[in-house]
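Letter by letter, the chains look like this.
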Amino acid sequence: MGKKLLIHNDKVPGINTLEVYRANGGYASVEKALNSMSPDQVTDEVKKSGLRGRGGAGFPTGLKWSFLAKPEGVERYLVCNADESEPGTFKDRYLMEKIPHALIEGMITSSYALGAKTSYIYIRGEYFYIARILEAALAEAYAAGWLGKNILGTNFSHDCYVQVGGGAYICGEETALLESLEGKRGNPRIKPPFPAVAGLWGCPTVVNNVETIAAVCPIVMMGGEEYAKIGIGKSTGTKLISASGHINKPGVYEIELGVPVEEFIFSDEYCGGIRNGKKLKAVVAGGSSVPILPADLILKTAKGEPRLMTYESLGDGGFQTGTMLGSGGFIVMDEDTSIVKNLFTFARFYHHESCGQCSPCREGTGWMEKILKKFLNGTANESDVELLWDIQSKIEGKTICPLGEAAAWPVAAAIRHFKHEFLEIAKSKKFVDISHYNRLNNIVA
Amino acid sequence: MSSQVHGTQEFNKTKRAETKFSEDAMIAAQKIIAQYPADKRKSAMLPVLHIAQAEFGGWLSPEAMDYVASLLKVKPIEVFEVASFYSMYNLKPMGKCVLEVCQTSSCWLNGAEDIIKYIEKKLNIKVGETSSDGMFSLKAVECLGSCGTAPMLQCGASFHENLTYDKLDKIMDGYRAEGKLKSYTDKDYKNTL
Numbered sequence: 000m001g002k003k004l005l006i007h008n009d010k011v012p013g014i015n016t017l018e019v020y021r022a023n024g025g026y027a028s029v030e031k032a033l034n035s036m037s038p039d040q041v042t043d044e045v046k047k048s049g050l051r052g053r054g055g056a057g058f059p060t061g062l063k064w065s066f067l068a069k070p071e072g073v074e075r076y077l078v079c080n081a082d083e084s085e086p087g088t089f090k091d092r093y094l095m096e097k098i099p100h101a102l103i104e105g106m107i108t109s110s111y112a113l114g115a116k117t118s119y120i121y122i123r124g125e126y127f128y129i130a131r132i133l134e135a136a137l138a139e140a141y142a143a144g145w146l147g148k149n150i151l152g153t154n155f156s157h158d159c160y161v162q163v164g165g166g167a168y169i170c171g172e173e174t175a176l177l178e179s180l181e182g183k184r185g186n187p188r189i190k191p192p193f194p195a196v197a198g199l200w201g202c203p204t205v206v207n208n209v210e211t212i213a214a215v216c217p218i219v220m221m222g223g224e225e226y227a228k229i230g231i232g233k234s235t236g237t238k239l240i241s242a243s244g245h246i247n248k249p250g251v252y253e254i255e256l257g258v259p260v261e262e263f264i265f266s267d268e269y270c271g272g273i274r275n276g277k278k279l280k281a282v283v284a285g286g287s288s289v290p291i292l293p294a295d296l297i298l299k300t301a302k303g304e305p306r307l308m309t310y311e312s313l314g315d316g317g318f319q320t321g322t323m324l325g326s327g328g329f330i331v332m333d334e335d336t337s338i339v340k341n342l343f344t345f346a347r348f349y350h351h352e353s354c355g356q357c358s359p360c361r362e363g364t365g366w367m368e369k370i371l372k373k374f375l376n377g378t379a380n381e382s383d384v385e386l387l388w389d390i391q392s393k394i395e396g397k398t399i400c401p402l403g404e405a406a407a408w409p410v411a412a413a414i415r416h417f418k419h420e421f422l423e424i425a426k427s428k429k430f431v432d433i434s435h436y437n438r439l440n441n442i443v444a
Numbered sequence: 000m001s002s003q004v005h006g007t008q009e010f011n012k013t014k015r016a017e018t019k020f021s022e023d024a025m026i027a028a029q030k031i032i033a034q035y036p037a038d039k040r041k042s043a044m045l046p047v048l049h050i051a052q053a054e055f056g057g058w059l060s061p062e063a064m065d066y067v068a069s070l071l072k073v074k075p076i077e078v079f080e081v082a083s084f085y086s087m088y089n090l091k092p093m094g095k096c097v098l099e100v101c102q103t104s105s106c107w108l109n110g111a112e113d114i115i116k117y118i119e120k121k122l123n124i125k126v127g128e129t130s131s132d133g134m135f136s137l138k139a140v141e142c143l144g145s146c147g148t149a150p151m152l153q154c155g156a157s158f159h160e161n162l163t164y165d166k167l168d169k170i171m172d173g174y175r176a177e178g179k180l181k182s183y184t185d186k187d188y189k190n191t192l
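First to last, the protein sequences are chains L and P. Numbering follows numbering that gives the first Met the number 0, with no gaps: position 63 of the first sequence is 62. Numbering follows numbering that gives the first Met the number 0, with no gaps: position 55 of the second sequence is 54.
Just so you know, the hints here were simulated from the structure itself, not pulled from any lab data. A hint or two may mislead.
To be verified - Every beta carbon over 12 Å from chain P, so not counted as near; a handful from chain L, in silico:
(1) 39
(2) 131
(3) 150
(4) 156
(5) 165
(6) 191
(7) 228
(8) 268
(9) 272
(10) 278
(11) 286
(12) 318
(13) 426
Said to hold, decoys possible - In the EDC-like style, the derived pairs of lysine to aspartate or glutamate whose C-alpha atoms are separated by at most 20 Å in a straight line are:
(14) P/30 <-> L/181
(15) P/39 <-> L/158
(16) P/169 <-> P/187
(17) L/369 <-> L/404
(18) P/39 <-> L/255
(19) P/186 <-> L/181
(20) L/183 <-> P/38
(21) P/41 <-> L/178
(22) P/39 <-> L/74
(23) P/74 <-> L/74
(24) L/97 <-> P/160
(25) L/248 <-> P/160
(26) L/369 <-> L/423
(27) L/183 <-> P/77
(28) P/72 <-> L/181
(29) P/39 <-> L/181
(30) L/116 <-> P/38
(31) P/74 <-> L/178
(32) L/97 <-> P/187
(33) P/72 <-> L/74
(34) P/30 <-> L/158
(35) P/41 <-> L/404
(36) P/189 <-> L/134
(37) P/41 <-> L/74
(38) P/189 <-> L/96
(39) L/372 <-> P/113
(40) P/91 <-> P/113
Cβ coordinates follow ideal geometry from the N, Cα and C atoms, glycine included.
Make the full structure from the sequences, and use the hints.
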């Protein structure tokens, strides 16, 4: 059993309430930071921990914090990115729903380090009920003096608010999120300037994912160096993985970074193996935008070494034979899965979610969806595979924000590893049933 | 201004007179506005639009958007460009219960298309349509973050997960019996696994 730092107490009855959370050691990091550490010391511990952003990009959190501009007389903000919309990813939802105070504690401690008097939790609109859970927890925290003026009798005052979005995946991109928080369309901004210099309302702003902010609390408590001892190499600490698809035990798991992928999929501690005794066909390891890998490459690297759940091991081999840890959205597919059809659901998703600002993304995502539809309805030609490859290559790297890459990478990887499936469908001119092929046992037609 | 901004829709003065938040909705909206610096009222746009949608029959009419514009002291076009960007705002009348079925990868892997077909057959409508009694609208939507409990649907603030046909029947029967408009801002949400 690996060490758990974030959801170790998720099964404790009433842990969503301040009373129970506090009785289980909650808000200790706020006490420790405010009473015995300077803001810079908190940042230093985060740096020492090696914590990397848990939203998908994996950028070192302490480094990001150190970029924050601190001109005198200008407000600074911390914004929590709770716009969890990457297909396959539902870990932040679990954390906020079960242990809302873990995020609020992290918001206070992190804001202290950053010198932010105000912070916002921007949560996707579809999680409205979780916003209510957070609001209730915030009200408790205010009533108990953890938020508001002169927290713990110190000079540090802080306000934290929840903002709900309107249903747009692009708002998970930090500058689009800031636009949305300013009451506008979620169109990403050109960087630089980065939010650390000109963020919310033009003020210096740090945008961090829910899990990242929650992880600051155990880092403050145990110290950055101790935290860095968990995991392997530059993949330090624990990570929440949301597992779904054709597995026996879908759900959210906290792992120590470094668990072998094979163990994660097949052991009873985690996913419990493939449903209905089927064989593993492929895995999307870090949310829909990361490259899909076939069974042999997700279990072992191209060099034949066991693949581990770390940033480095999953990325081993680059995109030719590797993938990314991303957001930890782990989608498992069994031997009966149509990779082309699954890719179609991703292409439709990215077409729908493109903000439309950049032509390659706006036009290209729609074009990819249309071509994939041709494969499904039996009208595609073999040359359409090359066309699909060509289109994705003309989106990647040519857009303001990473949605272009997110849309292109799944297409490239599917062709790279499963080109034979595309060619077989094109050659046979066979209609691929676009209704579901693998009915659940408990659904009776 | 409104007719220019909102295109062909006729501006209805009677409706406009009725377009005003209830006391509770106004308190909620003012609380949200107070979360932001005084000169940044526009930041309250998205949550206030959610309140407006819930208040004014489950969709945002031109009058409703104009009302929000006046509340936030912004131009009507600024409200329209936001409302038309985000998928959770309805710009046309909808049924009292909007059934939003997730159709992205993990839900698809677990039978989302069957769920959509079942609802279409049961209500005798297609995706994007509203049942003849005005009770249900059906939408196929992209990932709602329930991948581990797929397939799922959202109705207002409620998530219904691990769906089966039997569960669907009970959900729809329950909503029909209630007969109430379901919105994202409902306090009595229910999540069923």
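### Query
Which of the stated hints cannot be reconciled with the structure, identified by number in ascending sequence?
2, 5, 11, 18, 19, 23, 33, 35, 40
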